[in-house]
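Novice: Given next are the chains, with one letter for each unit.
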Amino acid sequence: MSGEASARQVPVAASRRSPLVARLDRSAGAVFILPAVLVILAFSIFPLLASLYVSMTRLSFSEGGIHLTYVGFGNYAKLLVGIDRTHFLGVTVPLTPLTAVVLLVIYGGFAFLLVRYLRGPGRTVAGFVGRLVTAVIAGALVWLVVDTVMTSGRPGTIVVTLIYVGVDVSAQYLLALGLALLVVQRLPGRRFFRVVFLLPMMITPVGVAYLFRMLTDTSKGPLYPLWAHFGLTDVSWVTNPWGARLAVMIGDVWQWTPFIFIVLLASIESLPIELNEAAVVDGANRWQMFWAITFPQILPATSTVVLIRLIEAFKIVDLPNVLTNGGPGTATESLTLHAYTIWRALDIGGSAAVAYMLLIVVTFVGISYVNLFRRRVTAMA
Amino acid sequence: MVVSYALLVAWALVVLFPLYWLATTSLKTPLDVNGGPFYIPFRDFQPTLESWRYIFVDLADDTFRPYLNTVVVGLTSTAITLLLGSMAAYGLVRMKYRVHIGAIASFVLALAGAVAVVAAGGPWQLALLGGFAFFLLLLQTVGRRFKRALGNDDIAFWMISQRMLPPVAVVIPIYIFFQQLALLDTWAALIIAYVASHLPIVVWLMRDYFQSVPLELEESAAIDGASRYRIFRSIVLPLAVPGLVATFLFVLVFAWNEYLIALFLTSANAQTLPLTVAAQNATRGPQWWYMSVLILIMIGPVIAMAIALERFIARGLLVGAVKG
Amino acid sequence: MSRYPARTLVIAVGVGLLAAACNASNSTSTGNFSGTTIRIVTFTGPQIAEPLQRRGPDFEKATGAKVQVITVPFSDLYQKILTDFSTKTNSYDAMVFDPQWMGDYVPSGYLEDLTNRVQNDTALQWNDIAPFFRDFSATFKGKVYTVPLDGDFQMVYYRTDLLQKDGLQPPATWDDYISIAKHFQGKDLNGDGKADFGSCWAMKRSAQSYWMFISVAAAFLQSQGTKQGSFFDTSNMQPLMNNAGTAAALDIYKQLSKLGPPDQLNNDVGDSRGLFVTGRCALSLDWGDIGPLAVDKSQSKVADQVGAVILPGSKKVLDRASGQLVDCNSTICPYAVNGVNHSPFAAFGGWSGAINKAAPAKTKDAAFAFLSYMSQPAQSSVDVTIGKTGFNPYRTSHFTNLGPWTASGMSEKAAKDYLGAIQASLQSPNMVLDMRIPQTAFYQQTALDTALAQFLAGELSANQTMAQITNQWNSKTDELGRQSQLDAYKSSLSVTK
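Protein chains in written order, with this note's numbering: chain F, 22 to 402; chain C, 15 to 338; chain G, 68 to 564.
Read the hints as simulated data drawn from the structure, not as lab findings.
Treat each hint with caution, since some may be false.
[To be verified] Here are the simulated EDC-like pairs of lysine to aspartate or glutamate, each with C-alpha atoms no more than 20 Å apart in a straight line:
1) G:Lys128 - G:Asp143
2) G:Lys155 - F:Glu84
3) G:Lys455 - C:Asp238
4) G:Lys210 - F:Glu84
5) G:Lys155 - G:Asp143
6) G:Lys208 - F:Asp46
[To be verified] Partial pick of chain F residues on the chain G-facing surface, computed with a CB cut under 7 Å:
7) Thr78
8) Phe82
9) Gly85
10) Val256
11) Val259
12) Thr260
13) Glu298
14) Ala299
15) Val302
16) Asn346
17) Asp368
Every residue gets a Cβ at the ideal spot worked out from N, C-alpha and C, and that includes glycine.
Isolated chain F, as found in the complex:
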């Protein structure tokens, strides 16, 4: 379970000290870890349970204040099969030849991986069941995305969120990695670039959202001459669902690339330089050096920062909220914005239900990620 930690432990010092210090030293684990655990636990357990309860209630007003009526899974049913289904899941349509082929290819890939695991050396029953469950849930999500995006259907808020997360985190990672590799070179002025590249992260998210609203305005924003040049003044990204989503994603990439950038930078900079030198002696080119030496060594840092970004990206709300308020129609509405919009209209039960659906999806993604990717990566390092 705790392979990475137990492998590298510092032995307890020989007991040359007083019994009190020795005792304190033996319980160092508790002293180090417990405060953080207790603070998080004390602060999170009540809100977690309270919002779970709220997600099963409906708010109403009565003399003396607000009243929560227990409705069981009613709020969840509304999202999955009821009146808000098209909003949450989207409009699905029967399979077309194109989507059928795409799905077959993806499911075939899943099946191949499962079979490979079964034939591999380290197979266990628990491992197989876990992977099977992962494949089934992932398969359902993939179907939802493919069937609402690649057809005449319409993606719901859950699909829009998955698109945001997928595109944003990949783009941020690639950009950040590229930038980090550029600034570790011994170029004059690199310290200037390092500080500059951090700037977007420091603006309050609401501020970034308003900033992008200014920038993307087609009639008085700075890009007006560009629009005018291409004769695009009478069309607007706002009226096109993908245009609006793209604007949101560009804003998110702009803001959060620095986060990944600085973690990767610190990680690359602390790598031992001798390996690279040896590789140069062996005649390796830069590309080979990167793939063979640098990349494997920064994988642990990569896996951490990507996990954090994944979790945070699922909660994207300020950009779509300010930029488009989820419009045109519901095209840019993320799950958190969905929860926030109905929460403002006092449907706090429905809002908590959306939030819990989000929690389920993120937990699924997080656990799959840690088990299938991160554990392998950290074991390698």
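Please build the complex by placing chains C and G on the supplied structure of chain F, with the hints as guidance.
Specialist: Only chains C and G this time, still in chain F's reference frame:
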């Protein structure tokens, strides 16, 4: 080399142009903003300090008070988070610690008891003390009987999973929590909330940095008789300074900019600046010019901090080289 | 105190009472409140908070009560007040809020009943307040809960210079409006060489778009006076959202979405105002704010080129029995002007002061005295002329005294024009009251607003849109109890039968 520079400059432009736009917008009149786009001061439009005057003179109280609150809450919560978080991260990396299910159950029970006492009208200080005593009691008696335990990785994952629920779902419970403690509209409430919600990030990031501290150094210190605490303070922490600095910047930025929790936990006294920024969009639509001023004065200190601390991140180079 | 005794009232009932009020002012509402602090919450920004803060010290001098204004970002004011009340934190003694929220706050027992105080406070000159705001906006189930500080309803603004040049009349019907918008769309209207727009509206989602839509729809849906209501059938709480009237309004709304700036779907009222006062639009639909804003030379390029008219109407209205449109006649549209049914919409309802029932008695007295002080003509007649405040006229004396208006920089012609449109709207017996029932926010902000956004974006057809709104409204009504929602709706309209 030329290509590298071209790419660096290109991205720097992508980063800086929006900020330039903020700066010029803060110098424009509403007419210039709405009639634009105008790019270069003095040539395209006549700059004015009117918006700056409005924020600093007309709204002086509503600017400086939140500013002070933001600084105090940001720095204090970041310092505490960093301390608790790096301790936990070190523990999770270097010590085999197993939280027993029994201990967790005891804690939850004790907490529930304390909350019940407060809800019934008891003083919260007493409830907190009583709850803690109760927890120790349970732990020593009942808690020992449940031997199943969680490993270090499970603890770490549990921590990060606390950030998965969007704030909108938990903000009202959090409000009630602090209302019961009579801490609404205080620095303490915001600091506690930020420490708890940013701890997981510190723990995760610092784990990686501590892992790269050479084990041999710690081992030799241990053989010399240094306690764990001493090893942590005088060997591990100094070697992890680059990581600490990077993490410090993250957490500071998060606490500095947080909106929703600040909105609910504060009213007259402890409001922070993100609220002031968001509030510039009211019934008249976004007041771009004021908003630009506020965003600029908000990022000022953080940028200064980043410039001051950047060299410590760069020192990671030296550490890496020495460690070999 | 009252410098503008309103003796030339046309519609006020109690002229004698008013005269008495002028003499008796400065007596009843001011007591000795030294040592009391009134914590009053509203949204951040100069619109409401500025007048409160500016007049607070004067009030303190007169009465000893200190006024502390607490501000919260506009978008979260409702949730913030509700959370404070419902957890019994009670950090606010009074609030200046949207009276629509009475539908939620009054049944929960959070608001102080002000009926007696209002009747006993002669300085307030209650009868000077326009009847709509007095009898409908401030009143819920026959009791007064708020002191109006602002008159909010929508009007159409047009560029007098452009219409005059092309020999066009201001729009009387929505069809007129569309043809004028088509006429100017794509032409350069402010001489900067860029193509400008026929009509600029706030159509952004989760902003003000549903109010704009109701302004159109009301012309078809309500023709028999405020009590008829324009959202639900007052006999069975069936939504009036799936019929030929709504269909006609949706059609107009869609056409207008294409007769404006390209990103109109993403414009809120701040954007549309910015465009209008910089001369980029021939027409706009807005609250009273454009009047004072247009004369503010630091923001406006169209000073004295702006006219206002009552909301355009329709010659056909909905026959509720058949669901079809029928031609207006004197029985169907008793208040029609030249055969056109106008239904001016009091969208939002105007910022109003209310008092927290749980506040200490003395604080409540002080808070009421302050709200009354703010509303008294001596103060309010000046505040409504200041462009940066969000206060728009709501008292009869605000129209009859041109002094403060011309003093604020409006020409006499512009002032008459602007006030004339306001007066025409306010005096209309067919004014439309905004929805005020429990969970109004769901009906309008969530269900109606989302469906409209989806309609404009092409996600839903007109029929799907109407069906979706109707379904969502009905499902919420059934959840909350049809009878109790119906009772609330009827009492908001002061329907007693």
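Novice: Taking the hints in turn, state whether each one holds.
Specialist: Comparing the hints with the structure gives:
| no. | hint | verdict |
| --- | --- | --- |
| 1 | G:Lys128 - G:Asp143 | violated (33 Å) |
| 2 | G:Lys155 - F:Glu84 | holds (14 Å) |
| 3 | G:Lys455 - C:Asp238 | violated (73 Å) |
| 4 | G:Lys210 - F:Glu84 | holds (16 Å) |
| 5 | G:Lys155 - G:Asp143 | holds (18 Å) |
| 6 | G:Lys208 - F:Asp46 | violated (71 Å) |
| 7 | Thr78 | violated (12 Å) |
| 8 | Phe82 | holds (5 Å) |
| 9 | Gly85 | holds (6 Å) |
| 10 | Val256 | holds (6 Å) |
| 11 | Val259 | holds (4 Å) |
| 12 | Thr260 | holds (6 Å) |
| 13 | Glu298 | violated (55 Å) |
| 14 | Ala299 | violated (56 Å) |
| 15 | Val302 | violated (58 Å) |
| 16 | Asn346 | holds (4 Å) |
| 17 | Asp368 | holds (6 Å) |
When the structure is compared with the earlier hints, violations turn up for hints 1, 3, 6, 7, 13, 14 and 15 and for no others.
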